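If you read the sequences in order, they're chains A and B. Under numbering that gives the first Met the number 0, the residues of the first sequence are numbered 0 to 768, in order. Under numbering that gives the first Met the number 0, the residues of the second sequence are numbered 0 to 210, in order.
No lab work stands behind these hints, which were simulated from the structure alone. Misleading hints may appear alongside valid ones.
Not everything, but these chain B residues come out facing chain A in the computed CB check (under 10 Å) [stated by the list, open to error]:
no., residue
1, S46
2, I57
3, S58
4, Y181
DEER-style ranges, computed between Cβ atoms [stated by the list, open to error]:
no., chain 1, residue 1, chain 2, residue 2, range
5, A, Q44, B, M152, 32 to 40 Å
6, A, V57, B, M152, 32 to 40 Å
7, B, M152, A, S51, 43 to 51 Å
8, A, A41, B, I86, 14 to 22 Å
9, B, C124, A, G31, 22 to 30 Å
10, B, M143, A, K108, 50 to 58 Å
11, A, S51, B, H194, 53 to 61 Å
12, B, C124, A, T142, 54 to 62 Å
13, B, L113, A, T142, 45 to 53 Å
14, A, Q44, B, L113, 25 to 33 Å
Every value quoted in this text rests on a predicted model; they were computed, and no experiment measured them. All C-beta atoms in this analysis are idealised placements derived from N, C-alpha and C, irrespective of residue type, glycine included.
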Amino acid sequence: MSSDNLAKVQVHPSGRLSAIWILPIIAALIGGWLIYKAVNEAPIQISIAFDSGDGIAVGKTEVQYEGVVIGKVSDVRIQPDLVGIIATIDMDKRAAPSMLSNTQFWLVKPEVSLSGISGLGTVLSGNYITLRVGDGQATTDFTALASPPAKSLNDPGLHLVLNAQDLGSLSIGSPVVYKKFEIGDVQSYQLQADGKDVTIRVFIKPEYAHLVQANSRFWNASGISIKGGLTGFDIRTESITSLLRGGIGLTPLEDINSSEAAQNSDEFTLFDDYLEAKAGILVNVQFPIAAGIEADVTKVVYRGIVIGQVQDVDIDQSLSVFTATIALPPRAAAFVNSHTRFWIRKPQISLSNLSGVGSLLSGTRIELDIDGNSADATRNFVALKKAPILSTDAPGLHLTLTVDALKSISRGMSILYRSIAVGSILDYRLTNDGASIELDAHIEPEYAYLVNSSSRFWNASGLDIRGGLNGLKIRSASLSSLILGGIAFYTPEMDAPEAKKEQQFRLFNDHESAHTVGIPITFTFEEGDGLKEGTAIRYEGIEVGTVNSVALNKTLDGVIVTATLKESARGAAMSNTQFWLVKPELGLTRSANLGTLLTGEYITFKLGGGKPTFSFTALNAPPVVQQEKRGLNIVLTARQRSSVKEGVAVSYRGVVVGKVTGHSLANTADHVRIYVNIDQQYAPLVRANSKFWNASGLDIGFKLFGGAQIKSDSVESILGGGISFATPEVDVMGAQVDEGMVFSLHSSRDDDWVKWQPQIDLTLDGEDK
Amino acid sequence: MADRTSLATAKQRDLMLCHSCHKLQHNNSTAPQHCQRCGDSLHFRHSDSLAKTWALCISSAIFLVLANVYPIMTVVYMGKGNPDTIISGVILLATHGMIPIAAVVFIASVAVPLLKLASLFWLLCLQHFKWKMDAKQCTQMYRMVKFVGRWSMLDLFVIAMLVTLVDLGGIATITGGPAATYFSTVVVLTMLAAHTFDPRLIWDLQEHANE
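Make the full structure from the sequences, and use the hints.
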């Protein structure tokens, strides 16, 4: 075989070391390094004694420090005396320097309770052990705390002590909030030795430590605080967190420079609520009655600004004096002195008027007046019975207004001039005889010139609504006076003598009365039916006066009415003027003065001359008008009045040309005189030979062979009655008649009369023929 | 069997096989030979086969230790979870009743690498100490080692899949551990070791023994 011929080749192992041997060297190096590392960083073993092994699992439960795992429980065994367990823990070697005798360990478990949720992370990740590094000697045996320890004073940050009446719903870990920021938490709390107060230790994080000043106030912000009454609710809660966990609030900084920063271990009072904490000084004010004063509700107002609140209302042992504790802001501390006055302001409401709506909504409030002058500081006061009166030496004009009834007038009500507030009502009081009320009015100095002896004041409060069938008139001085009330005035004569100090003015009830410079007059009526105060006096439909009062006369057989006539109606106050009461008339044939059904009766008058007089005897019925001012007045005589009465139309060829103004029995009583007024333009129609007949009703005649004949002028005249007249032909008509001409009123017409067709020129200038 | 052992080897016939193109050719000189066809260098046996195999085996032995000491995978399920070594993972699976899976993992990750390495060491020791052993059995063992080597990657494959697939934040997260690297190194190194070992040496040894 050829193969046998082949020389045997010796396989020589390579003399040099193969490069492949680098690989095991690298492997060995890696392994060696890892072993070195493992040995070098081998955990140190410590043992911690726990009361209970609950929640500690071997190989699972870790030791965390600031969230970093630094160890793990490697073994758990019970203590020999069965009082607890000992957990053996493999700790990171790097943590060894911290294993000192004062280092504290505790188990972090999830806690879910009504007041708080903590350690939520442990629900998923399991419980863990954490620690706070202390000092002392190195050791490996520790005893765990039952709960997280309070922060030590050495920790950076601010450690404060709060004294509270009770714990509220605070618990360890409850936040301290500043403007709803969590700036710290409750570290621990304990009852004081005397059992009275609770001491709460809180920790403020270092970055927020500057927010706490020596004058800072803490309050218990736990839960919801609901306070309220009729005037509204005040629901206050710091945050949902503090709602659940409880919390402590910190008042905002007032001025960072004004106060020194708080120091460690400073003691503060923990106020019960925000308002208590916010309010600075407490003053006690005695009130004779506590009506309307409610703790935590009633506000304290200084010049319209709420500056405090009533904290508490108490009654003394004699049950006669109420003492309200009022919290005022710290700023006020310097000004509250023995000159400070307190009083109650109550809301006012009445049917006739509404005033002080603001206080109606805000409820009774306490007002105070601070005197700028220095005086002895005091914190105990006796309230004034009513608001203090601006002293009469105050600059400005002081006046006295008299009014019959107070109505809606109240202290402080503005005095308006052209709707500008120029003063106010300081006070009111009954006059000594009790007949009227005096108001002390004060006009600001700069407006004093507006008032002089001719000024007229009226009550501009509320709405003044007047109206009749023909429209409404609504008057209000201003919206604010509508709500708040007000007194207005105007000065008709600016050059009248200046108003003297404390000069008396009458306060009119309304704008109208004030502007009415009246003429007082009196009437005597036989009966007062329909008459009352306020009944108007009208002339030609225009109001010229008002009835002021209605009273029986001394003999009880009449009614005396006093009224005021406007200056413009001065001409009516003459001896021959006739006054009567206009009443509504509703009848088959005639309705009149229906407006009075709604607006009420009114007094009207018929002017007459004579001497000026101010006392009249009123007529029971409208006076018979014998003569109208315009047109042609004539008199018809008739045997019977028939259906003729005042207002009945007088027609010529069916056209109404005049009316009956009245009727009366002749002085001799043998006939009736009917007064007729023919309109001016138709006056030429009436001639000396004109015939007048009564066109009222129907004239029905029967003839045996002619049938029935019904004569009537118009349907209107059938119902209402009427007078017609005719004038004969031009040649026989006679002359134009004079005023007061007397004609005979025929009971029926003559057929010839209606055939007359005289041509009479009705145009004065003869334009038409 | 006897007739097979009596057969002369190619080496005995001074024939060399090109490892690249598998052309059989005669050894012409003592100088390093090159393949007539592809030009690759020619050797009767893999050069430095034993030394390389030794080195690779020793390295993988070191890494195998590390792979079993360090955690291979951390399964965090609902916030809980601890790093697991290969063995602790198998125990965990077994204690949770997943015996078949535990068995698979154990075979793939523990038994196979260990047996493979042991087999390689055994073969190396045979060569080194000229122990007598049935060559056929040895060859079968070698074939088995070579075949089974790639399957050890199964464990790593599973880890790689889990790490990428199970990343559900707080609910469940799986992360690989340092042992995964060591373990893969073991697998790769043992495969290389099996490759560098020239099984013809087994028969060469038998030849020597027969002589």
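Evaluated hints:
1. S46: 7 Å, holds
2. I57: This interface hint holds because 4 Å falls under the 10 Å limit.
3. S58: 4 Å, holds
4. Y181: 8 Å, holds
5. Q44(A) with M152(B): 32 to 40 Å: 39 Å, holds
6. V57(A) with M152(B): 32 to 40 Å: 34 Å, holds
7. M152(B) with S51(A): 43 to 51 Å: This hint holds: roughly 48 Å between Cβ atoms.
8. A41(A) with I86(B): 14 to 22 Å: 20 Å, holds
9. C124(B) with G31(A): 22 to 30 Å: Because 25 Å falls inside the window, the suggested range holds.
10. M143(B) with K108(A): 50 to 58 Å: 55 Å, holds
11. S51(A) with H194(B): 53 to 61 Å: At 60 Å between Cβs, range holds.
12. C124(B) with T142(A): 54 to 62 Å: At 58 Å between Cβs, range holds.
13. L113(B) with T142(A): 45 to 53 Å: 46 Å, holds
14. Q44(A) with L113(B): 25 to 33 Å: 32 Å, holds
Of the numbered hints given earlier, the model fails none.
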